[in-house]
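A.B. asks: Each chain, written out:
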Amino acid sequence: MLTTDRVGGSALCLLALFVIWESRTLPLGTWRNPGPGYFPVLLAALLLILGALACMMGGGAAPVTGVGWGEAGHALVILGLGAFICLALERLGYRLTMLSALLFLVWLVEKKSLLAAAAFAFGLAFGSFYLFDTLLRVSLPRGPFGI
Amino acid sequence: MTRLRLLLAFLALAAFIVLAAGYPAVAQEPYPSRPISLVVPFPPGGVADLTARPVAVAMEKVLKQPVGVVNKTGAAGAVGIQSVATSKPDGYTLLLALSSISIIPEADKLFGRPPAFTVDQFAPVALISADPTILVVRAESSWKTAKDFIEDAKKRPNQISYSSSGIYGTLHMAMELLSHAAGIKLRHVPYAGGGPALTALLGGHVDALASGPSVVLPQIKAGKLRALAGWGDKRVAALPEVPTFKELGYPEAEFYIWAGLFAPKGTPEPVLAKLREAARVAVADPEFKSAMDKLETPITFKQGAEFQKFFDADAHRLAEGVRKVGRVEQK
Amino acid sequence: MAETLQSLARGFSVALQPAVLLYAFVGCVVGTLVGVLPGVGPLAGISLLLPATFGLTATNAIVMLAGIYYGAMYGGSTTSILMRIPGEAASVMTCIDGYAMARKGRAGAALAIAAIGSFIAGTGSVMALMLLAPPLANFALRFGPPEYFALLLLGLLVLAYMSGGSMVKSLAMAVLGLLLGMIGIDQMSGFFRFSYGVVELGDGLGVVPIAVGLFGIAEVLATAGQEVPPKVLKPKLRELLPSRQEWRESVMPIGRGTVLGFLIGIIPGSAHIISSFVSYAVERRLSRHPEEFGHGAVAGVAGPESANNSATSGAFVPMLALGVPSGPIPAVMLAALMVHGVSPGPLLIKQQPELFWGFIASMYVGNLMLLALNLPMVGIFVNVLRVPYSLLYPSIIMFCVVGVYAVNGSVVDVWIALIMGALGYILRKLGFETAPIVLGAILAPMIELALRQSLAMSDGQYAIFVSRPIAGTLLAVGAALVLLNLVSWMVRGFDWRKRIPLDEHGENL
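Chains as they are written, first to last, in the numbering used here: chain L, 3 to 149; chain S, 563 to 893; chain F, 285 to 793.
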């Protein structure tokens with residue numbers, strides 16, 4: 003039976019094994035002189051034990067499907083948009099990236115009217131740019147044509 | 563359906579803009595015609611940053627274009643340095659680097675990883691300052707001169723400890739050069755930066771420290787620390803009674819924490835010439851001089867071939883030093 | 285004592301000059317702003333405004349920068365309480381109970397308690413700074429790597445008290461956080477660990493992207509797509525102030541938070557962020573209703589908020605008394621002093637009494653200004669909750685992106701925040717606590733460095749931890765705590781088993 007604890011626990015075990023594998027290039031050092039690989043391996047071993055415990059004791063937890071993943075689709079869209087923001091931020095510049103991202107969210111995802119969404123997106127993107135870049139002197143990336 | 567079409571149209575427009583942004587600019591105007599970024603690979607408030615700001619202000623006066631300081635920190639300077647190495651060599655992105663620019667690629671080579679950048683990705687413009695490091699110990703310690711210290715270190719190898727700003731960092735390399743020159747073995751305790759290293763010495767957790775003079779001068783004047791010797795070619799102006807290691811018979815113990823201006827390699831020669839000229843005028847500016855005085859950092863200006871010579875010699879010394887230190891874990 | 289009061293009076297005469305007042309005010313406003321905005325914390329704020337202070341006098345510069353620092357601690361609680369997004373890393377703990385209080389309709393009360401707790405802690409710690417700076421500073425210097433290690437180990441024990449759920453799961457999250465803290469350059473040997481060629485990961489993932497991602501972005505991911513959007517609360521004015529019961533519950537936590545935060549703050553090098561975590565754990569341990577924590581316990585807001593304000597004054601102790609940079613923020617402020625020709629050192633208080641006492645006096649004034657700024661704004665801020673969520677969450681995402689980007693100007697940080705957001709969402713769904721991850725990520729590099737530095741100092745001898753008095757004492761305290769817990773757990777275990785049969789027989793205990 004796939005419960006939340008079991009899924010989480012096994013994922014942690016896999017991560018722990020991955021860390022141990024990746025640390026193979028780091029010298030372990032000795033008890034008296036721990037090397038760069040010492041702590042990661044130690045912690046990974048600890049995580050392995052804890053993950054296994056969570057798995058074994060996790061029979062009584064809620065089943066994974068029963069948790070309610072209704073908003074997962076929406077969350078995926080937001081994550082995808084986040085990836086777009088990261089890629090576009092330094093290429094399109096802050097204002098254009100935010101304008102498109104906000105427009106996308108408010109107009110297409112939340113289905114508000116185009117006019118309202120455009121006003122909102124424009125105001126927020128350019129307003130925040132003014133606040134941060136001009137007033138607070140955080141230099142935010144500019145895009146083509148200096149926008 | 564219409565919404566989907568609009569969305570696709572929008573995405574296409576965005577893609578077009580991205581492509582347009584990548585298209586090389588066709589700039590034929592005289593240099594400089596836009597604001598210039600001076601990248602400082604260290605956080606604000608540090609030596610590099612405080613040196614860069616007066617430089618930027620002074621050069622702005624000469625170049626008649628805004629020169630903005632941009633802090634790009636991370637990985638002991640590697641992040642900022644790498645960003646300039648890979649930037650467009652058009653003279654609008656400059657770097658103010660410390661001596662660590664020579665150390666980081668060597669350290670990368672030592673660990674067998676592809677270097678974040680290499681020294682020949684840069685064209686040196688000018689040297690601004692070259693602080694010699696000085697050896698400081700606590701005032702209550704028993705070593706009154708450098709000779710005492712070195713003799714004691716010979717008698718008790720690996721017993722005397724020193725702090726540094728980080729492994730393969732400037733303060734570590736200075737001590738290593740001394741150790742090899744004098745044939746002594748000291749115990750190294752790395753810290754995360756110059757500030758913690760100084761705090762450790764003041765708190766009595768280590769016995770010695772190689773430091774830039776400006777940070778420790780107030781402590782020396784207040785009687786908390788004593789300076790034993792310096793790694794420079796000449797004595798430090800503010801500490802005339804402190805000898806140099808050269809005078810004491812260890813000429814290989816020469817080390818400066820210097821700050822220099824660099825441009826990415828491939829920057830056109832006329833642009834470089836203009837930058838060098840601007841730097842030369844900038845360091846003569848009285849406001850710049852007074853700013854550096856306040857920082858207790860003497861101006862050492864070298865340019866062109868002279869800077870190249872200094873840089874090459876220093877890089878060679880440091881590379882040797884790093885190789886000799888080797889990988890700590892293999893000892 | 286009379287001399288101190290006299291000097292303080294002189295300080296006030298400096299601090300109440302219109303120019304100094306103005307710059308303190310500017311610093312406080314900017315600090316509050318910086319604190320409210322997610323991600324951008326006081327270090328980023330101070331670093332960004334440092335160049336702007338070059339044209340000012342030394343006193344004005346340092347007064348303004350300090351205002352940003354403690355002002356950010358006031359503002360950081362706002363977004364934490366209203367939207368469960370940490371305004372800066374030190375406000376992570378406030379997110380937990382503060383947001384729960386907001387969901388119960390007590391947002392105004394939470395904000396008010398945070399503001400007043402911050403004021404009391406701020407003022408109290410400035411008094412301690414004023415009276416105790418030199419002797420405390422010398423004590424603080426004696427904290428070397430072995431002492432840090434012992435202290436941080438105690439801090440790890442804090443993790444055990446942070447969350448209510450399954451011990452195994454909380455510990456697993458803590459270890460996960462510790463592992464995440466291993467990414468980056470190893471300070472002792474120069475190896476790059478788990479950075480896969482990305483130079484920006486050399487300094488590790490960064491507390492800000494982790495905190496903003498795990499709490500802010502994960503919160504949006506979990507709430508945005510829900511069928512029934514979060515209830516738009518319309519609190520009445522009367523409900524904005526804390527009730528008498530809530531006041532009573534916050535008095536002791538504020539007091540404890542002040543003392544705790546100050547002590548943690550004076551230790552050079554320690555991340556003052558830990559102060560809020562430790563305060564939360566202490567409050568939970570000492571509370572008579574520990575089950576309330578996580579669901580809107582007043583002490584869970586009052587304690588941490590006071591602690592992080594008090595830690596800022598503590599951080600100034602080594603800086604002013606010894607001229608030693610005790611952390612990144614004091615380092616920037618010392619640099620500001622240097623640029624103005626004031627050489628920071630042990631003689632600063634003697635050589636520049638106007639500066640020192642003016643600074644202290646302006647901190648009193650600044651705390652008052654912040655209280656006056658923040659309390660009325662409670663009413664304004666609470667209205668943020670009225671904005672329909674479909675418009676609110678895109679704004680939140682935007683602020684998170686700017687906040688995280690602004691710290692280092694690096695898109696890599698935004699990527700990290702995004703990935704941590706996805707991770708936080710999944711972990712919430714699977715019922716794992718995310719707060720221990722943040723603490724683990726902060727502590728891991730520090731504990732490892734302290735241990736290996738100590739061994740480097742002693743050439744491999746573990747005896748150094750017990751031979752040094754402070755370290756030995758701290759370790760003994762830690763061992764005692766662990767033993768006490770084990771004993772009580774075993775005893776309670778027996779009790780619990782005994783209790784059930786009695787209940788079934790309907791007998792009261």
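By construction, these hints were calculated from the structure, which means they are not laboratory data.
Any given hint might turn out to be false.
Take a look, some chain L residues computed to stay more than 10 Å from chain F by CB distance [claimed, not checked]:
| id | residue |
| --- | --- |
| 1 | L104 |
| 2 | S115 |
| 3 | F124 |
| 4 | T136 |
| 5 | P146 |
Which bits of chain F does chain L cover? Going by a derived footprint, with three or more residues having C-beta under 8 Å, they are [said to hold, decoys possible]:
| id | segment |
| --- | --- |
| 6 | 387-395 |
| 7 | 409-415 |
| 8 | 455-467 |
| 9 | 589-601 |
| 10 | 608-616 |
| 11 | 701-712 |
Example chain F residues on the side facing chain S (calculated, C-beta under 7 Å, incomplete) [to be verified]:
| id | residue |
| --- | --- |
| 12 | E484 |
| 13 | G486 |
| 14 | D487 |
| 15 | P552 |
| 16 | G553 |
| 17 | S627 |
| 18 | G629 |
| 19 | P630 |
| 20 | L652 |
| 21 | V671 |
| 22 | S674 |
Keep in mind that this is a model prediction, so the values were computed, not measured.
Heads up, the beta-carbon is just placed ideally off N, CA and C, and yes, glycines get one too.
A.B. asks: So, for every hint listed, does it hold in this structure?
C.D. replies: To see whether the hints hold, each was checked on the structure:
Distance check on L104(L): its Cβ comes as close as 5 Å (rounded) to a Cβ of chain F, failing to clear the 10 Å threshold; non-interface status is violated. The Cβ of S115(L) lies farther than 10 Å from every Cβ of chain F, with a closest approach of about 12 Å, so its non-interface assignment holds. Non-interface call for F124(L) relative to chain F: holds, since the shortest CB-CB distance, roughly 13 Å, exceeds 10 Å. Taking the minimum C-beta to C-beta distance to chain F, about 12 Å, the non-interface status of T136(L) holds against the 10 Å cut.
Look at P146(L): its CB is around 17 Å from the nearest CB on chain F, clear of 10 Å, so calling it non-interface holds up. Under a criterion of three residues with beta carbons nearer than 8 Å to beta carbons of chain L, the stated coverage of the segment 387-395 of chain F fails, only 0 such residues being counted. A stretch counts as covered by a chain when three or more of its residues have a beta carbon under 8 Å from one of that chain; for the segment 409-415 of chain F and chain L the count is 0, and the coverage is violated. Coverage of the segment 455-467 of chain F by chain L holds in this model, with 7 residues showing a Cβ closer than 8 Å to a Cβ of that chain against a need of three.
Residue count for the segment 589-601 of chain F with a Cβ under 8 Å from a Cβ of chain L: 0. That is fewer than the three needed, and the coverage hint is violated. Here's how the segment 608-616 of chain F fares: 0 of its residues keep a CB closer than 8 Å to some CB of chain L, so the rule of at least three is not met and the hint is violated. Under a criterion of three residues with beta carbons nearer than 8 Å to beta carbons of chain L, the stated coverage of the segment 701-712 of chain F is upheld, 5 such residues being counted. Given the 7 Å rule on beta carbons, the hint for E484(F) holds: about 6 Å separates it from the nearest Cβ of chain S.
The beta carbon of G486(F) comes within 3 Å of a beta carbon in chain S, closer than 7 Å, and the hint placing it at the interface holds. With a cut of 7 Å, the hint placing D487(F) at the interface with chain S holds, because the nearest CB-to-CB distance is about 5 Å. The interface hint given for P552(F) is met, as the beta carbon of that residue sits about 5 Å from the closest beta carbon of chain S, less than 7 Å. The interface hint given for G553(F) is met, as the beta carbon of that residue sits about 6 Å from the closest beta carbon of chain S, less than 7 Å.
At a threshold of 7 Å, the smallest CB-CB gap from S627(F) to chain S is about 4 Å, leaving the interface hint in force. A hinted interface residue such as G629(F) counts as satisfied when its beta carbon comes closer than 7 Å to some beta carbon of chain S; here the least separation is about 3 Å, so the hint holds. Annotation: interface hint on P630(F) holds; nearest CB of chain S at approximately 5 Å, less than 7 Å. This hint is violated: L652(F) has a C-beta 28 Å from the nearest C-beta of chain S, more than the 7 Å allowed.
Hint status for V671(F): violated, given a least beta-carbon distance of 25 Å to chain S, over 7 Å. Violation of the interface hint for S674(F) is found here, the shortest Cβ-Cβ separation to chain S being roughly 17 Å, above the 7 Å cut-off.
Violated hints, in rising order: 1, 6, 7, 9, 10, 20, 21 and 22; the structure is consistent with all others.
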